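Read off the chains here:
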Amino acid sequence: MSKCIEPQVGKLLHAYELNALSPQETELFEIHLVKCEHCFEEIKRFEQEIELLMGDDDVKKTVAESAEGQEALRSEQGTLIRLLRPKRFPHIRTVAAAAVLLALVLIASPHFLTYVTRDDSGGGAQTVSLVANRSEANEVRLESGVKGIVFEFLCEGAIPGQTHHFEIRSIPDGTLDPIYPHGSLDSSGTARVEVQASDLKPGFYVLTTSKSASDSSAVCGPFYFRVRPD
Amino acid sequence: MDSMEQLLERAIAGDEIAEQEIFGHLLVRFVLLAKRRVRDKEGAQDIAQDACLTIHEKYKAEIFEVSFEAWAYGVLRMKIGNWLRKRKARSACEALGDCPVTQRQTEKCEVDQELKRQLLACLKKVLAANPRYARALNLVHHGYKSEEVCLKLQVTKGNFYVILSRGRSMLRACLGDGDL
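Those protein sequence lines, which keep their order, are chains A and B.
Numbering (the working numbering) for the first sequence: 1 to 230.
Numbering (the working numbering) for the second sequence: 1 to 180.
The reader is advised that the hints may include incorrect statements.
[To be verified] Below, simulated DSSO-like cross-link-like pairs (lysine-lysine); rule was C-alpha separation at most 30 Å, straight line:
(1) B:K58 to B:K35
(2) B:K41 to B:K86
(3) A:K3 to B:K41
(4) B:K60 to B:K152
(5) B:K58 to A:K44
(6) A:K11 to A:K35
(7) B:K60 to A:K35
(8) A:K60 to B:K157
(9) A:K11 to A:K61
(10) B:K157 to B:K125
(11) B:K125 to A:K61
(12) A:K61 to B:K116
(13) B:K157 to A:K61
(14) B:K145 to A:K61
(15) A:K211 to A:K11
(16) B:K157 to B:K124
(17) A:K11 to B:K41
(18) B:K35 to B:K124
(19) B:K41 to A:K61
(20) A:K60 to B:K145
(21) B:K86 to B:K145
(22) A:K11 to B:K116
(23) B:K124 to B:K152
(24) B:K41 to B:K88
(25) B:K125 to A:K3
(26) B:K145 to B:K88
(27) A:K11 to A:K60
(28) A:K211 to B:K157
(29) A:K35 to B:K152
(30) B:K145 to B:K124
(31) B:K124 to A:K60
(32) A:K44 to B:K125
(33) A:K11 to B:K145
(34) B:K157 to A:K44
(35) A:K44 to A:K11
[To be verified] To give an idea of the chain A side of the interface with chain B (calculated C-beta under 10 Å), a few residues:
(36) K11
(37) H14
(38) E25
(39) V34
(40) F46
Calculated directly from the structure, the hints in this document are not laboratory data.
Keep in mind the model is a prediction, meaning the values are calculated, not measured.
Glycine included, C-beta positions come from ideal geometry on N, C-alpha and C.
With the rest of the complex left out, here is chain B (with noise of 0.2 Å):
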């Protein structure tokens, strides 16, 4: 498989099959991103696909200060911060009552009650087996960052990035085949 790099240069030479790989990697990681930002499905795919259609008309006469990714990625930047300030300025008129009528309602997603009792099951056995898990991820529920949690945990930013990957990895064996 080609690099980023490979397929860019193919791309910038006129390469479609190029282009189209560069910009469907780039679609599903930009909702990914996106989603998380506006927490709305629909929006993400319109963030994604506007910073897409963005940086396919400026890609090949733009020089790239650090790497591709890293404009990109500022480009969708660029696009969630415009998507906020509107549904921001929406939220506004909306209690005034003077919107029009095209507002689209925010997805409420359906928990998946199997996957919460087996989540609810693996955690308590991590959180038993792992205490400093279970007190990091309280501070994280709490709406402390890395830096606060590791001042109250007393440990180092190394260390905390290691108790939060062993209680990941603990849980997805756990969910995995029911064993830590």
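For reference, chain A alone in the conformation it holds in the complex (with noise of 0.2 Å):
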């Protein structure tokens, strides 16, 4: 099938579908929807699940018990943090007041979290959780043996089955040229993007996610890391 002509029209489509874009957005997807033989046919194919979607009382119905479960849980939680409010725990305070403290000794010293990586397959690839902004959290410790790295992070802004460009730059830019690995996406939104690990040399890096080579405009990140040496 093709592919939408104007992915940030297209992204409109399921909002289209349930009626839910102001009378703005409704003509521009509209005009597109003239031009673009993608969303048409996807609009097409879905419908009658659509119609059912927005018009049946039983889909209604389903859609509101779950929605107001989810309510209820939440409350739920509302209720257990009203309950930890420092005035039946008077010395909350200074509990919650030391694990800040804590925290931000972990975040700003480096030599405690030197390892955020697990080895996956006794020496195959070496799996690398990555947090966005935050060069001090990600660090990849090269060891003998490891032929690949899988960086790990969560992709707020893609979405799943479309093709993303990733780009791995050393800082300062130019030291070493730049890497465009293989990654992937679930439904989830989580992003695995796996490099040789010969390619990295010990320094600083920053993954950078765009939908295209040519479109830098980034999906989520950038994601610094600093490489060291086993």
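Hints in hand, dock the two standalone chains.
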């Protein structure tokens, strides 16, 4: 099937199907629909299901029950938070302040966070979880015998099923050639990007994510990390 | 395949095949768009054909400010507006009991029970796996528009579209092979 010709407008598709767009957005999307084969086919193919989703009373009831269940759960969590308020536990502020202080010390000191890596396959590949904008917490220790590094991170702005462009650059820029690794994205928005361990030399790097090589606007991140020798 | 601009150039130059291709392309889309607005299958067909006729009469002499598609869509919107005004007038005359006999009944769609059963089963799975989609869909069912839903869910518009898009993908995947 063809690809959407204007992804920025195409992302309104489901909101349009559900009649949730403002009049201006609806007009924008409908003009797009006249031009875009992909979105038109998508709407046609899911037309019956959407009619049920929007018009059937049993469906509406199921959705309402599920949403109310979620609200009740949130409310229970809210009650738990209220129970933990300082009124009932006068020392909670001191404990909370100590916890915040400890967290700050941990973040500020790379010494305590040398490893955020785990070896998954006995020397085959090493998985590293990346946190956005935090160079201190993202460290890779190159272990001997490890061939590949898999970077794992939550990419909120990414859309599963669409291709994304990943790039790793050394800092300061130009010290090493940029790396364009292969990556994938699961339905929960978690991205996995794989690089050869031999491509990474000790130093600082930044991993960026964009929709394509030509479109440099970030989908999520950037993710800074430091590579240390073993 | 030629782009719309290329087809339009050929049609204006007198190529009948290009012209047929343009109007075939427009007609199916116009029927879909009109049906969403007027909720009447035959009415949507009439509106789409009427719009295509007007476009056919005028497009060769027209200067398109934005694009041909935007102009054609404008013609369709005007036809939909006219049709809705006529229907409103008809409702008024029906209330007074002095309508001509040629009135048409609005079509009632038969619900596909098997599809409904499948959809409900999948929807339960998707809502359980994606609570934010459940809350967004519930608010949409209550008539809230995107900006209001964003305020209630405390998410940005971009994230709201992502929530809906993921919910839709999961639903389609489940309806396709039974798995999320």
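Evaluation of the provided hints:
Of the supplied pair hints, the one linking B:K58 and B:K35 holds, its CA atoms being roughly 24 Å apart against a limit of 30 Å. With a C-alpha separation of about 16 Å, the suggested pairing of B:K41 with B:K86 holds against the 30 Å cut-off. Between A:K3 and B:K41 the CA atoms are separated by roughly 29 Å; this keeps the pair inside 30 Å, and the hint holds. The hinted pair formed by B:K60 and B:K152 fails the criterion: a straight-line CA distance of about 48 Å is larger than 30 Å.
The straight-line distance between the Cα atoms of B:K58 and A:K44 is roughly 29 Å, inside the 30 Å bound, and the hint therefore holds. In summary, the hint linking A:K11 to A:K35 is supported, as the alpha carbons are separated by about 15 Å, within the 30 Å threshold. Taking the CA atoms of B:K60 and A:K35, the gap is near 19 Å; set against the 30 Å cutoff, the hint holds. Our distance criterion of 30 Å between C-alpha atoms is met by A:K60 and B:K157, whose separation comes to about 23 Å.
With a C-alpha separation of about 27 Å, the suggested pairing of A:K11 with A:K61 holds against the 30 Å cut-off. Between B:K157 and B:K125, the direct Cα distance comes to roughly 25 Å. Compliance with the 30 Å bound is thereby established for this hinted pair. Note on B:K125 and A:K61: the hinted pairing holds, with a Cα-Cα distance of about 15 Å set against a maximum of 30 Å. The straight-line distance between the Cα atoms of A:K61 and B:K116 is roughly 13 Å, inside the 30 Å bound, and the hint therefore holds.
A distance of roughly 26 Å separates the Cα atoms of B:K157 and A:K61; the hinted pair therefore holds under the 30 Å criterion. A C-alpha spacing of about 20 Å is found between B:K145 and A:K61, which places the hinted pair at or below 30 Å, so the restraint holds. As the CA atoms of A:K211 and A:K11 are separated by approximately 13 Å, the hinted pair is consistent with the 30 Å bound. A hinted pair counts as satisfied when its Cα atoms are at most 30 Å apart, and B:K157 with B:K124 qualifies at roughly 25 Å.
For the hint linking A:K11 to B:K41, the alpha-carbon distance of about 27 Å falls within 30 Å, and the restraint holds. Taking the CA atoms of B:K35 and B:K124, the gap is near 29 Å; set against the 30 Å cutoff, the hint holds. At roughly 27 Å between alpha-carbon atoms, B:K41 and A:K61 fall within 30 Å of each other, so this suggested pair holds. Taking the CA atoms of A:K60 and B:K145, the gap is near 17 Å; set against the 30 Å cutoff, the hint holds.
The straight-line distance between the Cα atoms of B:K86 and B:K145 is roughly 28 Å, inside the 30 Å bound, and the hint therefore holds. Taken as a hint, the A:K11 and B:K116 pair is honoured in the structure, with Cα atoms around 26 Å apart against an allowance of 30 Å. Between B:K124 and B:K152 the CA atoms are separated by roughly 22 Å; this keeps the pair inside 30 Å, and the hint holds. Distance hint between B:K41 and B:K88 is fulfilled; the C-alpha atoms sit about 17 Å from each other, no more than 30 Å.
Distance hint between B:K125 and A:K3 is fulfilled; the C-alpha atoms sit about 28 Å from each other, no more than 30 Å. A threshold of 30 Å between alpha carbons decides the hint, and for B:K145 with B:K88 the separation of about 25 Å falls inside it, so the pair holds. For the hint linking A:K11 to A:K60, the alpha-carbon distance of about 24 Å falls within 30 Å, and the restraint holds. Between the alpha carbons of A:K211 and B:K157 the distance comes to roughly 18 Å, so the proposed pair stays at or under 30 Å and holds.
A threshold of 30 Å between alpha carbons decides the hint, and for A:K35 with B:K152 the separation of about 33 Å lies outside it, so the pair is violated. Between the alpha carbons of B:K145 and B:K124 the distance comes to roughly 23 Å, so the proposed pair stays at or under 30 Å and holds. At roughly 11 Å between alpha-carbon atoms, B:K124 and A:K60 fall within 30 Å of each other, so this suggested pair holds. Between the alpha carbons of A:K44 and B:K125 the distance comes to roughly 24 Å, so the proposed pair stays at or under 30 Å and holds.
Simply put, A:K11 and B:K145 have alpha-carbon atoms about 16 Å apart, close enough for the 30 Å limit, and the pair holds. For the given pair, B:K157 sits about 25 Å from A:K44 by alpha-carbon distance, which is consistent with the 30 Å threshold. At roughly 16 Å between alpha-carbon atoms, A:K44 and A:K11 fall within 30 Å of each other, so this suggested pair holds. For A:K11, the suggested interface contact is upheld, since its CB lies about 5 Å from the closest CB of chain B, less than 10 Å.
Checking A:H14 against chain B: minimum C-beta separation of about 4 Å stays under 10 Å; hint holds. With its C-beta approaching chain B no nearer than about 7 Å, A:E25 sits inside the 10 Å limit, and its interface hint holds. For A:V34, the shortest C-beta to C-beta distance to chain B is roughly 4 Å, which falls under 10 Å, so the interface hint holds. At a threshold of 10 Å, the smallest CB-CB gap from A:F46 to chain B is about 7 Å, leaving the interface hint in force.
Against the hints set out earlier in the document, violations occur for numbers 4 and 29.
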